[in-house]
Amino acid sequence: MKKLFLCLLLAAAASSHTAIVQAEELTPEKILSFADHLYEQGDYYRAITEYERLIFFNPRHPLAKTAKFQIGMCYFKGDKLTQAVQKFRALSNEYAKEELGRKARFMLAETYYQKKDYNQAVDVLESFLTSYPGDPQAEAARIKIGWSYLRQGNWRQAAEEFHKLPPDSPLRKQAGDLAEETKKYPELPRKSPTLAGGLSAVLPGAGQLYVGRPADASVSFLLNGLFIWATVEAFNNDKKVTGGILLFFESGWYLGNVYNAVNSAHKYNRRAEQEFMDALQNQYGISYYRGDEGRDLLAFTLRF
Amino acid sequence: MLKNSLIVIMVFALGAVGTARADTWAPWSASTDAPVLLTPADKEPPSRRQTARTEYSVAATPFIWLLKLYRNYISPLDGDRCPMYPTCSQYSVQAIHEHGPLIGIVMTADRLIHEADERDYAFTIKVGNRYRYADPLENNDFWWYKK
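These protein sequence lines are chains A and B, in that order. For the first sequence, my numbering assigns the number 1 to the initial residue and increments by one for each residue that follows. For the second sequence, my numbering assigns the number 1001 to the initial residue and increments by one for each residue that follows.
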């Protein structure tokens, strides 16, 4: 009886030890799964640690490459765009002939686009199209190039890029419509900065009224009017020092008034362009979704 | 004596390490659900404008002194009245640093004039315990000055 009890105790101890060992075994799949969980939660900082753990303990495991790419994605999603650029660039160079390199190159362009570095985005996308001509994301790259040009105000080049989609592409018609819409860019309501500045130079506040800023116009008119009047009065009363000081201040207000009118016209135009592009983005927005084979696919969102 | 000096040095050294760690290794997260939250300044390395430049032209010096005099001695008595971010005096210092005294003063006058209508277009930003209208320098020189 005593022996049986001892045997049972030994068996229980052995099984519990096995259980502990099993719980401690962290396979690359488990680490990746946990890292992905953190990534989905938006906890990118901790996710990077887990991806790094996977790479450190399993440097030759196939999942290590996935982890490397995901670290770049964490930086991208976490708005650490400078670090994301470094990561994606390194991956796209190191694995240029593999799927990982292709994805990294595309994400590198996407990161530059997010950074509003549109010239770099175009360069990387062009190199993507050269390196991977038959890639399913080639159309997405072409459209992104078009958007990069449009964001820089180069609407002609943008329309050309949208028209470059192959005739058999399912997105050809929508891209054509987008190219047509793009041609409205030069017809946007704009204000002339030269005219605004000229008007304010003649009558302080007039340029501000022209660009639709009545409160600024009033402030500018009153400030300049008061300082001009005070300066003239000071000189008329032979108070040259006071007149000089007032003239110094008035010069600042006057030049500030002209600068303000020109600046406001530029801001007006920038706002008109921004609203135009936001409307286009809403109507012809591009979205990506993952297909059955796990590859990113491109889709247009068309709103009526 | 030596022991006390060593303790003081060690305390300073620890303080320095603590500061360095907080600056360079502080955790961040972009998610509001995730508790490790970053500060706005941690998002990206500061641009040339955000890093305060210590050197400026001799001509700018008296203007910077006057602005510092205003900020340190007059503004605290006058009260926090500027609704913009950066405040008008901060903006003025930045403009003079970046573009020199002549253009800096013109841009300061422009800022004072456009405060009224800018509120219709600027987004708000919480600074301390107060919401302000964001109007950085690059919002007003973007059409002629490229970094």
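One or more hints might be untrue.
Straight-line C-alpha distance at most 20 Å; calculated PhoX-like pairs for lysine-lysine [claimed, not checked]:
hint: 1; chain 1: A; residue 1: Lys191; chain 2: A; residue 2: Lys173
hint: 2; chain 1: A; residue 1: Lys164; chain 2: A; residue 2: Lys183
hint: 3; chain 1: A; residue 1: Lys115; chain 2: B; residue 2: Lys1068
hint: 4; chain 1: A; residue 1: Lys77; chain 2: A; residue 2: Lys103
hint: 5; chain 1: B; residue 1: Lys1146; chain 2: A; residue 2: Lys116
hint: 6; chain 1: A; residue 1: Lys97; chain 2: A; residue 2: Lys68
Interface residues of chain A toward chain B, partial, derived using beta-carbon atoms under 8 Å [stated by the list, open to error]:
hint: 7; residue: Asn154
hint: 8; residue: Thr194
hint: 9; residue: Gly198
hint: 10; residue: Leu247
hint: 11; residue: Asn257
Derived from the structure by calculation, the hints contain no laboratory data. The beta carbon of each residue, even a glycine, is placed where N, CA and C say it ideally should be.
Tested hints:
Only pairs whose Cα atoms come within 20 Å are accepted, and A/Lys191 paired with A/Lys173 is rejected, the gap being roughly 34 Å. Our distance criterion of 20 Å between C-alpha atoms is met by A/Lys164 and A/Lys183, whose separation comes to about 16 Å. Taken as a hint, the A/Lys115 and B/Lys1068 pair is broken in the structure, with Cα atoms around 34 Å apart against an allowance of 20 Å. With a CA separation close to 15 Å, the supplied pair A/Lys77 and A/Lys103 stays within the 20 Å bound.
Using a Cα cut-off of 20 Å, the hinted pair B/Lys1146 and A/Lys116 holds, with the two alpha carbons roughly 14 Å apart. Straight-line distance between C-alpha atoms of A/Lys97 and A/Lys68 comes to about 16 Å, which keeps the hinted pair within the 20 Å bound. The criterion of a C-beta within 8 Å of any C-beta in chain B is not met by A/Asn154, whose closest approach is roughly 16 Å, and the hint is violated. With its C-beta approaching chain B no nearer than about 12 Å, A/Thr194 sits outside the 8 Å limit, and its interface hint is violated.
With its C-beta approaching chain B no nearer than about 16 Å, A/Gly198 sits outside the 8 Å limit, and its interface hint is violated. Among the interface hints, the one on A/Leu247 is violated; its C-beta lies about 14 Å from the nearest C-beta in chain B, farther than the 8 Å criterion. Proximity of A/Asn257 to chain B holds as hinted, the smallest CB-CB distance being about 6 Å (cut-off 8 Å).
The structure fails to meet hints 1, 3, 7, 8, 9 and 10 from the earlier list, while all remaining hints are met.
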